[in-house]
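From first to last, the protein sequence lines are chains A and B. Numbering-wise, the numbering used here puts 200 at position 200 of the first sequence, and it's gapless, one number per residue. Numbering-wise, the numbering used here puts 1311 at position 311 of the second sequence, and it's gapless, one number per residue.
Calculated directly from the structure, the hints in this document are not laboratory data. Mixed in with the good hints there might be a few duds.
Unchecked claim - Simulated DEER-style distance windows between Cβ atoms:
1) A/G44 / B/Q1749: 40 to 48 Å
2) A/N83 / B/P1567: 22 to 30 Å
3) B/V1506 / A/N83: 45 to 53 Å
The C-beta atom is built at its ideal place from N, Cα and C for all residues, glycine as well.
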Amino acid sequence: MKKKSEPIVNIIDLNFYYGDTLALKGINFDISEKKITAFIGPSGCGKSTLIRCLNRMNDLIENVRIEGCIKIKGQDIYDPSMNITELRKRVGMVFQKPNPFPKTIYENVVYGPRVLGIKKKSLLDDICEKALTRAALWTEVKDRLHVSALEISGGQQQRVCIARAIAMEPEIVLLDEPCSALDPIATAKIEDMLVELKKDYTVVIVTHNMQQAARVSDFTGFFMMGELVEYDDTTELFTKPKKKKTEDYITGRFG
Amino acid sequence: MKTLKSLKRRKFTDKTAHWLITCSGVATIFVILALFIFIFLEVFPLLKGAKIKKNTVFSLHQGAVCIGADEHMEIAYAIYGNGSIEFFSLIDGSVIRKHDIQELGNSHITSFDKHKNLHILGTDDGKIATLFIHFSEVFEDGKRTIVPHISLQELVRAEGADNDYEPFAIKHIASKGDEDAALTAVHTENGRLLLLSSEIETSLFGEGEKREVKKDITPLLKKSLKPISSTSGAGTDHSLPENEVVITSLVLDHFMENLYVGANSGELIHINVRDKEEPVILERIKVSDKPVTALGFLLGDISLVVGDSDGNINTWMQVRDELSSFGWSLKKIHTFQSHNGPVTAIAPSVRNKCFVTASSNGSIHLHHATSERTLLNLNINSVVTALAFSQKANGILVTDSTGKLFRWDISNPHPEVTMKTLFGKVWYEGYEKPEYVWQSTGGTDDFEPKLSLVPLIFGTIKGTIYALLFAVPIGIFGALYTSQFLHYSLKIVKPVIELMAALPSVILGFLAGLWLAPLIEKILPSLIIMPLFIVLSIATAIFVWKILPAFGKGRYKHGMEALVLIPFIVGAIFGSICLSGIFETFAFGGDYRQWLLNVTGLHYDQRNAVVVGFAMGFAVIPLIFTISEDAMSNVPKSLVSASLALGATPWQTAVKVVLPAASPAVFSAVMIGFGRAVGETMIVLMATGNTPIMDWNLFNGFRALAANIAVEIPEAPFGGTLYRVLFLASLILFVTTFIVNTLAEVIRQKMKKKYSKL
Ligand SMILES: Nc1ncnc2c1ncn2[C@@H]1O[C@H](COP(=O)(O)OP(=O)(O)O)[C@@H](O)[C@H]1O
Ligand SMILES: [Mg+2]
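Using the sequences and the hints given, assemble the complete structure.
Structure, rendered in structure tokens:
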């Protein structure tokens, strides 16, 4: 069993409603710092909803309601005094489908820093190189930084998106099924990169691919019908699941 | 078998659909092309110059002194030097009637002037005969016959019957007059210049009493021998023979006020003869290096045509001049193609500003004054003795010394239109300098049409710019706000604004002209302080919002914040209107219109560019808004999410992600708005004063091309010059819109390519 580090996120009694539909029911767990935490579960069980709660991306959806609280480093992110843009700078996000801006690779990566008001070219160049290196893309694109990000492969686009997120130096990086649209080789590259990333960042990844969760994550949460069924050390969960439902799911009896 | 049948049917449907679509596509293109061709065909005749339709030659008995013809160019008359007059058919040359002026005896005609139907003839023995020649039309069996009439109205002696002077020949004569008064200036062989006036004075009892005054103004001329002024162009020539003015021509205007005397020295002497007893020399000016040989007024008696012995032809006119002692001075206005020999005759048109000049060497030119063009060059290779320009300006008659009469039928439908008159500065009669003027019709027949399209194009641009200045920011930012910030429960805003587009522009124009224009005039000072008030109130609102407790703001009511602003903004608008009076007193000393006039010299028109900007803005906003909003709403949500997830504020996201991604559509929205504003007619028509002035001033009106068409169509007779110029205006609009739309589409496609790989 891996050593549990300090929790960076506390999720306490979280209920989430889309209109009248309860999408998350009484979620309670902590996310550890500088570890990779994976959410698995059949589709529609609320993984994306939960991960979007962590940087308040759900605010964009009309007619939603949240109960309970989520604390990041002890601070309630749903407190009215919370500055949402500030929160999002601290909690970066990568989406299921690569969504680079229709700009150059370089402009994509430095979008966040530019928004923060950084104008100095040399500083932006540094940030870009560092982020792309972290995203394991630098060697591939360093000669094509000023090519449109729409003109590179899907796997590369997704890594541009990851580089774009980590260029902000967030505390937490959220990835919602980042490899679902990618081929196995690109997936492998991203998985390797995630393991590197965790040295500096807390990573939360949603995946429908159990092998992926088993391969890269330190902790895994298994969700079903909006409920957290089981949350444990990854090896523990995959080898000795405590719940029948978990066992059924990971052995492929449903899902 | 069944599949084969259905396959066949599908193929048939495919083919039909294909053909149908192709046909409608081609038909659309064809219709537009046909429209273009139609408009072009209407405009095309403007480009054609004058041309000779027919040239006929007849033989007379001798060279005539004076010729003329009826309105239809069917019967001509020739007055011969011996005092006989001949009417003859202009169709076959046969003599219809002969007439001798018995009263003239053996006198020989040496000079003549023509005014309407009056022919004033001066003789070699000092007599002045006034002949009245006119034509009447008789209809018989549906056939028109023209009957000439002739009568001698008056026969006087220039020197008077009772003195013992030996009679001198009258070398030059100029005469004008009507039923009540007549004025004649004669130049006699012995070098005297006489002024003869007769006036019927109606007494209290209704009896007319003829009063005649005779004035010898030769001494006056002698006094003025030192040049009073001279033009820079001709240079001052002080080496004139000091003792003599050799008069070469005379012309008198129909106001019976201005007598111009052309001299051998190339000078023109302007004598004011309003006071018949006390004529005054107003100006003496060098108009040529060579002797002046012919003088004549153009229609309206404002422009004076001067021909000299070198064949040069210029028009001159009185222009306001502060340096001159009486406030005016003669200025050279237009220069025309010159003859090779001395100019001997000038015949103006009684229809337009065309005139014909003839030289003794037989060359005859047709000119148009306003457009400064020489339209036709004719030649008869013999000495011209008399020249006439037909009343409908469609024919020229010339006799030569061998007794030949030449008739030219000409077609010259649109002499006043050239590139220069349409798009250049032209020096019009009554103007102080060349200017761009649109004034197609005037109150009188002798009006000079001013057909510069420049003020109209200027007006169109002005209206479009002000409308777009107002509409583009509101349209785009409104779209940005609605698509990105507005709470979903308020999405109804969009259909409401779209409905605005369906508002007929007549209603907008009506509201603008009758409601908005007076309103703006009333509250203009408050409009100036309003932005400040609104900014202040927004700042207050934000402050209040900040200090308000968190309670009630709602966690998710994203986009609703703006609603809080509404009461503040309404308050600000209301407040500024209330303070309008105080502000006006404080800043503009009580009346801003007066202040504008005093400080900036601008005149405030009630229906001005601000009003049009507003009203046309309202017509354009829905267009820009709808297209932009659609495009902005269609920017992939994933991009917006990506930006927001990177900690960008919604505002930053809107500007950095949404706007660029939607920019092709926004661009074409602006272009479509531009097209609408350029072509907008009713709003401009109703919300401005339609004065075709060229002034960027916000508080002046203007006249746009489209509105001009609407204004002028009732004034434009079918096929006339104005009619065609209006078509030209529509061609310009058509081509502009076409170019703008094509350009917009090309640019849009290029931009779209850049953003298409989303
Ligand atoms: N925008 C939305 N509006 C309404 N219901 C939603 C929305 N997004 C997700 N849901 C519902 O919430 C539940 C959880 O969805 P989601 O979090 O996307 O599941 P997962 O990511 O695990 O597949 C599903 O039943 C889904 O139908
Ligand atoms: Mg999901």
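Here's how the hints hold up against the structure:
| no. | hint | result |
| --- | --- | --- |
| 1 | A/G44 / B/Q1749: 40 to 48 Å | holds, 41 Å |
| 2 | A/N83 / B/P1567: 22 to 30 Å | holds, 27 Å |
| 3 | B/V1506 / A/N83: 45 to 53 Å | holds, 51 Å |
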